[in-house]
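Which chain is which? The protein sequence lines are A and B, in order.
Residues in the first sequence are numbered from 130 upward in steps of one, following our numbering.
Residues in the second sequence are numbered from 10 upward in steps of one, following our numbering.
It cannot be assumed that every hint is accurate.
[Stated by the list, open to error] No more than 20 Å apart at the CA atoms, straight line, and that leaves these computed lysine to aspartate or glutamate pairs for DMTMM-like:
(1) B:LYS11 / B:ASP95
(2) A:LYS346 / B:ASP143
(3) B:LYS121 / A:GLU341
(4) A:LYS346 / B:ASP120
(5) B:LYS111 / A:GLU400
By construction, these hints were calculated from the structure, which means they are not laboratory data.
Small disclaimer: the values here were computed from a predicted structure and weren't measured.
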Amino acid sequence: MSTSTTFSPCEISRGGVGDTPSLLTMIRQPMIRKLQNIRPRSTVAQKQVSLLAVICLLIGVFSVLSPHFLTLKNFQTILRNMPELGLLSVGMSIVMMTGGIDISAEAALGVAAILVGKSMLQGDPAWVSALIGPITGGILGTINGVVVAYFGVLPIIVTLGAMYVWRAVIFLLVGARWLSGLPRTFDPLVKTFVLGIPIPFIFFLLITMSLEFLFRKTPFGWHILAIGNSEYSARLAGVRTRRVTVGAYALLGVLVGIAAFLYVGKHRNVEMTVASGMSLEAIAAAVIGGTSILGGEGSVIGCVIGVFFIRLLQNGLVLLGIPSIWDYLVLGGLIIAAILSDLLYKRRRT
Amino acid sequence: MKKISKAFGGVIALRDVDFRLFEGEVVGLVGDNGAGKSTLIKILSGVYIPDKGDIYIGGERVEFRSPLDAWKYGIATVYQELALADKMNVVENIFLGHELVKNVLGLRILDKRRMRQRAGELLKQLLIELKSLDVPVSKLSGGQRQGIAICRALNLEARVICMDEPTASMAVGESERILDFVRRLREQGKAVIFISHNLEHVFRVVDRLVVLRHGRVVGEGYVEDLDKDTVVKLITGVLENLNLLGEEVREGTTGDLLDRNGSKKVRR
């Protein structure tokens with residue numbers, strides 16, 4: 130971070146002071162240094178600051194365009210729509226930091242949701258139904274992780290295949306029908322507001338914060354990042370790379386399972402196409418929140434901002450009366466833009 | 010290490026290589042590119058599993074399936090490719106895989122303060138000066154990066170330290186410090202394997218030399234009995250084979266980590 134001491138041509142001609150620095154450069158140098166210090170250190174933090182700025186801008190634009198936007202009820206709706214995607218996105222960002230990806234997360238959510246729903250219809254005790262979600266998700270995630278870590282298959286291939294397999298499993302479990310008319314067992318949990326904030330959202334924040342803690346304060350976080358930097362190097366350094374990789378996918382699976390439980394509790398029906406497109410949304414939220422698509426750096430807590438941004442945007446588009454097909458266009462464009470800016474940013478720096 | 014062989018596909022990297030190392034000894038491993046030096050080191054440090062052959066430590070046969078296994082037997086390695094995580098900072102890189110933790114309510118929490126302090130000490134030992142411990146290592150010079158890789162190995166308090174080209178990307182002053190440091194390790198009774206293309210460095214620091222060519226040991230001897238010309242001839246194959254150690258040493262001590270004078274010699 131050295132500041133150069135070169136003179137601009139005009140100063141030399143104007144001042145004519147030879148080799149002593151002109152007054153202008155003397156003033157300017159400390160200023161430059163100060164500016165450099167203000168700028169956030171890590172690239173991840175830089176991305177998050179600019180994202181917050183964009184969010185403020187969006188809120189401003191939507192408020193002007195729609196009278197229904199800036200209301201408590203509308204923001205409660207946004208918060209209510211966040212937890213499922215949020216949990217997926219947090220898990221996804223951890224997997225992405227290892228340099229991996231999991232396309233099958235949405236289908237795993239479907240499988241878990243169907244099993245939770247079936248269990249509720251059978252009249253199992255509430256805690257059994259609640260636990261079935263994370264357990265199913267954990268198992269499906271572990272399968273992905275093992276294939277990626279122990280057989281060295283590209284994550285995108287493994288999980289793309291897994292997505293079709295899980296979707297087939299959903300079909301086998303329910304045929305071409307819906308699970309509907311589920312009991313209101315979990316209503317008190319998923320439909321209550323505390324201080325105006327929906328409980329599932331609080332639940333999501335608590336999980337995210339404990340994962341952020343796990344990620345920043347325990348060796349697990351370092352190992353995840355090291356694998357994303359270079360798996361081979363991490364292994365030479367003594368990291369049990371395979372175990373950690375499986376752990377990352379399993380963790381995503383468990384979070385997917387919790388999301389499935391929240392989904393079923395809230396909607397009380399499960400259709401075959403449940404959560405389709407959600408993996409991509411989760412990847413988008415993670416990238417927008419500062420996680421690199423190339424792995425090796427990122428943020429768990431950034432996903433909260435990323436998910437808020439996506440849901441805010443979708444909400445605004447609905448309020449403006451824009452047909453929902455444009456949702457996909459905007460989301461798709463957003464993913465490409467986020468990834469491109471990540472890559473371009475890196476190219477400029479190296 | 011006895012009768013070690015390793016092939017990658019059809020390429021035979023090592024053929025029946027015997028290699029011994031004693032406490033308080035610096036052994037230079039030299040040879041042309043592709044002679045098998047790095048492969049041998051990686052077998053000793055658990056990165057590769059040999060196709061044939063065994064490793065003995067103090068007479069006990071051991072098997073390494075990962076770098077972590079080798080570390081448990083006191084073997085630490087500075088790899089030629091350094092094995093650093095580029096986007097992570099200096100402290101994170103030095104302690105990666107061997108983090109210092111404190112126990113809080115049964116959770117293993119990173120002890121960042123203690124690691125910072127220890128990282129500072131290690132860097133000081135090697136006289137490596139850094140502006141900050143928080144910069145990603147990709148921002149550092151080649152010599153500084155190499156220094157960090159060496160710090161990582163030193164941090165492990167190993168009995169055996171393998172250094173694959175530790176002075177390759179270092180400036181003159183920096184590599185002097187590394188050579189000094191290798192001598193200090195020897196004084197502490199550690200065993201060091203020193204790989205380098207720089208014969209000047211090798212001759213200044215090692216006790217014994219092992220020359221590899223095409224995956225075989227073609228020459229071995231104490232450094233006072235050898236000169237650079239002979240070693241170059243062995244490396245390039247002008248001289249076919251040279252063993253200045255005598256049969257008695259060769260037979261007697263295979264595979265054992267022992268005192269150089271053989272006072273704890275275990276007959277196999």
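The hints, checked one at a time:
no., hint, in the structure
1, B:LYS11 / B:ASP95, "violated (36 Å)"
2, A:LYS346 / B:ASP143, "holds (16 Å)"
3, B:LYS121 / A:GLU341, "holds (16 Å)"
4, A:LYS346 / B:ASP120, "holds (8 Å)"
5, B:LYS111 / A:GLU400, "violated (48 Å)"
Violated hints for the displayed structure, listed by number in ascending order: 1 and 5.
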